[in-house]
Amino acid sequence: MKLITLAVRNIKRNFSKYAMYFFTLSFSVFTVYSFLALIQNEFVYQAFTYRERYRTMLIVFGVIIFVFVMFFLISSNASFIRARKKEISMYSLFGMTNGKIGKLLFLEIMLVGLAALVGGIAAGIFFSKLIAMILLDIALVDFTGDITFTFNPQEIYLTALPFLFVFGVMGLSGLRVINKFELVDLFKGEKVSEGKPRGSTLILLLSLLLIGTGYYLAVTTDSYNLIGFALPILFLVIIGTYLFFWGGLPKILSWMKKRKTKYYRGDNLIAVSAFAHRMRSIGSTMATIAVLSAVATTAVATGFNLYQNIERNTYGILGYDMYFYGGQEKLLDDVYSAFENYGVELIADYTTQRLQAKPKLKITLYNGELEYYNSENGDDYFRVYSQSVCNELLALARVNLEPVQIKEGEAVYVRSFWTNVPDFAVEIERAIMAEPLEFSKQDIRITSFLDASFTAFGAMHTIILSDADFANLYEAGDILTGYSSGTPFDQVTVFKYIKPLKSGDFSREINRILSGNVGSYRLAYNHYIESLEVFGLACFIGFFMSIVFILMTASLLYFKQIMAAQEEQHQYQMLRKIGMDSQVEKRVITKRLLPVFLIPLVIGIIHSIFAMKTADSILFSDMIMAENSYFVVLGFSGIMYGVYALVYGLFYFITKHQYTRIVS
Amino acid sequence: MSLLKVENVSKMYGTKRGAKQYQALNQISFEVFEGEFIGVMGASGSGKTTLLNILGSIDRPTNGRVFLGGVDISNLKKRQLAEHRIKNIGFIFQDYNLLETMTLKENIILPLALHGCKVQIMEERLRKLGGDLGILGILDKYPYEVSGGEQQRAAACRALITDPKIVLADEPTGNLDSRSGRALLELLSQINRVYRTTILMVTHDVFAASYCQRIMFIRDGEIYHELYAGDDKQQFFDSIIDVVSVLGGENQ
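Top to bottom, those sequences are chains A and B. Using numbering that gives the first Met the number 0, you'd call the opening residue of the first sequence number 0 and step up by one each time. Using numbering that gives the first Met the number 0, you'd call the opening residue of the second sequence number 0 and step up by one each time.
Simulated from the structure, these hints should not be mistaken for lab results. Treat each hint with caution, since some may be false.
What the hints assert, rightly or not - Listed below are several chain B residues computed to face chain A (Cβ distance under 8 Å; list not exhaustive):
#, residue
1, F29
2, R59
3, G63
4, N96
5, L98
6, L113
7, G147
8, G148
Stated by the list, open to error - Capping the alpha-carbon separation at 35 Å, the derived lysine-lysine pairs in DSBU-like fashion look like this:
#, chain 1, residue 1, chain 2, residue 2
9, B, K127, A, K85
10, A, K250, B, K140
11, A, K259, B, K127
12, A, K11, A, K576
13, B, K117, A, K256
14, B, K140, A, K655
15, B, K76, A, K259
16, A, K655, B, K127
17, B, K232, A, K261
18, B, K76, A, K590
A virtual CB, placed ideally from N, CA and C, is assigned to each residue, including glycine.
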């Protein structure tokens with residue numbers, strides 16, 4: 000018999016065992032190919048405004064996915080070969096040299112690998128148009144064109160080469176594993192125990208302590224220090240997770256065994272003891288899966304949150320559909336006619352002057368370490384609005400803010416977006432409220448704060464006064480209407496109109512009219528499409544990454560459980576003989592498999608919930624203008640956790656089905 | 000009083016129309032009385048394991064009926080069968096069939112646990128039976144930590160803990176050295192005497208068979224001969240050897 004015939008036969012015979020693995024491999028090839036194809040697709044490339052960013056993101060994440068897949072392949076390869084120990088020793092017993100066995104395994108890997116490459120690339124070519132369309136749909140607002148099918152042999156070549164290299168490495172590492180086998184292993188019974196998994200209370204406590212500390216740091220650290228703490232937190236949580244599965248979970252199981260009334264019920268007894276028994280061999284796998292699940296769910300939840308909050312974020316920063324200042328007298332008519340020409344319905348617009356005030360005031364933070372405002376310094380000023388002007392501005396903004404009500408002698412300070420760091424904001428508030436603003440004839444005290452940084456229109460500090468105070472100060476000349484040279488300050492005009500984020504042609508026309516002709520202008524549309532491109536792409540990539548991760552984790556578990564099923568087969572036969580009926584058997588199988596899948600998933604998601612808290616501190620609390628942005632983030636994350644659990648659950652059911660088939 | 004009654008039981012393997020049909024049992028009828036220690040002997044392939052499987056309701060006969068305590072077990076539904084196995088039958092297997100994931104104690108109480116027994120009752124029965132079988136000291140050990148003889152005693156304990164009507168033993172000494180084998184046989188005899196437990200043991204070991212009170216010889220799926228133990232053990236042993244040599248079994 001030729002080696003190749005033997006290899007083909009082995010693959011055929013073991014197909015069901017490796018089916019999931021094969022699928023994972025094909026999907027990884029598919030993903031890498033799709034990314035390459037997207038980079039090469041000139042049409043999609045042209046559709047993006049920020050092309051370099053687009054290309055870089057795809058390349059970087061393509062490489063990251065490839066690296067993960069590579070580690071997965073090489074590490075799983077060793078356990079595949081170990082699972083075939085008996086078979087390999089048998090070859091050895093019948094006189095095959097290690098070199099020849101290595102060659103056989105190499106052939107098998109190459110055959111399976113080539114099949115996966117061909118399958119993955121074929122699927123990639125077949126779905127390339129669909130993938131491109133999905134990406135454009137997610138990442139571009141008003142894309143309407145048709146995508147032509149493109150195909151470039153270079154992509155195949157670029158995908159195949161690194162994978163072939165990895166297969167080669169796998170083949171060689173196989174040889175290393177074989178050389179470690181002893182022929183005598185063949186004759187050792189299969190019932191060699193894995194040893195009693197006892198676990199220890201100390202390790203359990205230690206693992207919980209590590210994870211808990213990581214969580215505590217993640218929750219309590221403010222966003223400035225979080226970047227520095229990120230690595231220690233990751234380190235704590237990952238080590239804690241592994242310790243938990245190595246020593247903590249076995250301990251919990253041994254506690255469960257002590258609760259006899261529950262434990263000594265037939266199905267519990269069988270399932271818990273079998274699970275506890277497997278802990279040693281499956282503990283590391285479960286820990287790895289928990290960590291990978293945490294990474295995947297966090298990635299996809301972050302992507303989804305960014306994507307879902309683009310609109311909110313856009314208006315949180317800009318406030319208006321459109322505003323500009325300077326050049327009203329020349330440009331306002333052009334802007335109005337653009338509204339008419341492009342059929343965009345204007346809801347309202349409002350023009351006001353960007354007035355300033357320079358009260359006598361000095362504010363320092365952190366015991367004088369940092370100067371926040373100093374009227375001695377000629378550049379510092381306050382943007383100043385009367386209550387009624389401010390309320391006009393707020394009314395046209397696309398955010399939910401109540402009109403302000405200000406008492407005489409008091410003022411509202413508008414928080415800037417860059418002070419939105421919890422500790423810093425508290426310090427600023429304390430310092431600002433401590434000092435009155437000294438004007439020529441009266442003092443005014445800042446008593447409350449408003450989150451409407453978009454009303455600053457270029458100023459560092461903004462205050463709102465009651466109408467009466469404003470009139471008095473204006474009278475007294477404390478409110479400046481122009482530069483010292485006499486040139487009046489620019490006016491600002493804000494607009495609110497129908498479907499601002501969908502009016503592409505109109506926005507381009509406005510860009511043409513305003514660009515370079517005004518002091519400054521912002522269009523919500525511009526900001527929106529830029530964010531959409533980046534976050535849409537991030538979401539798209541996150542989605543692919545999560546699927547690759549789910550597949551990797553699921554195929555790892557699938558393989559381990561199928562191997563376990565083959566070893567446990569005789570136990571089920573025996574149990575049936577001593578009177579286990581089919582209903583109890585179903586319960587036993589469920590209780591035996593469910594924890595293996597469920598525990599890592601739950602731990603992964605809990606990790607992710609805390610990771611989202613840090614993401615919230617760093618990112619979302621600035622983006623989402625809500626009372627408690629973390630709840631919003633958790634809401635969106637919950638959707639992604641649900642989707643993830645659903646897909647993951649699918650693999651649980653496939654594994655359970657296969658396991659049941661083997662043991663019965 | 001007749002405990003087990005087997006009426007014209009046949010078992011065919013293979014498809015009905017196919018040429019490969021193979022008759023494992025052919026119209027076997029016999030009775031087992033309460034408190035008996037009966038042996039079934041025969042060469043490999045004679046159908047003794049098939050018979051044991053049918054008696055243990057693990058397999059169904061193609062034809063014929065099996066009554067245990069007056070109930071026709073060949074007519075029971077799947078669900079009832081499992082219940083029946085827990086309540087009425089204890090198994091002892093050649094390779095012990097203890098679950099290596101459990102301690103001996105857990106293995107022994109497993110049938111009771113499957114039956115949904117109270118912890119207190121389990122512990123009580125285990126203490127009594129474990130004491131009689133001399134395994135109390137090793138109950139918390141795992142199967143791989145104790146000797147074959149101890150494993151087999153634990154397996155016997157598991158078979159007896161439900162207080163079954165009949166214990167079916169399939170080559171129980173097959174994997175034991177002669178000393179442990181003898182100890183186990185003494186134990187089975189003792190159980191038979193003290194608890195009045197009915198035991199049906201399949202074996203091809205003449206020495207093991209000589210512990211029985213009655214031996215049925217099976218050849219080609221039919222009962223070929225029957226022997227009763229007299230007062231003289233040596234004579235019984237010799238007559239078994241005679242029948243076995245006529246049968247052409249392995250232990251001539």
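Quick rundown of the hints versus the structure:
1. F29: violated (22 Å)
2. R59: violated (14 Å)
3. G63: violated (21 Å)
4. N96: holds (4 Å)
5. L98: holds (5 Å)
6. L113: holds (3 Å)
7. G147: violated (12 Å)
8. G148: With Cβ-Cβ at 17 Å, over 8 Å, it is violated.
9. K127/B to K85/A: Status violated; Cα separation ~43 Å.
10. K250/A to K140/B: Between K250/A and K140/B the Cα gap is close to 18 Å, so the pair holds against 35 Å.
11. K259/A to K127/B: holds (19 Å)
12. K11/A to K576/A: holds (33 Å)
13. K117/B to K256/A: Answer holds: K117/B to K256/A is near 16 Å, not above 35 Å.
14. K140/B to K655/A: holds (31 Å)
15. K76/B to K259/A: holds (31 Å)
16. K655/A to K127/B: violated (40 Å)
17. K232/B to K261/A: violated (50 Å)
18. K76/B to K590/A: holds (26 Å)
Hints 1, 2, 3, 7, 8, 9, 16 and 17, counting from the list given before, are not met by this structure.
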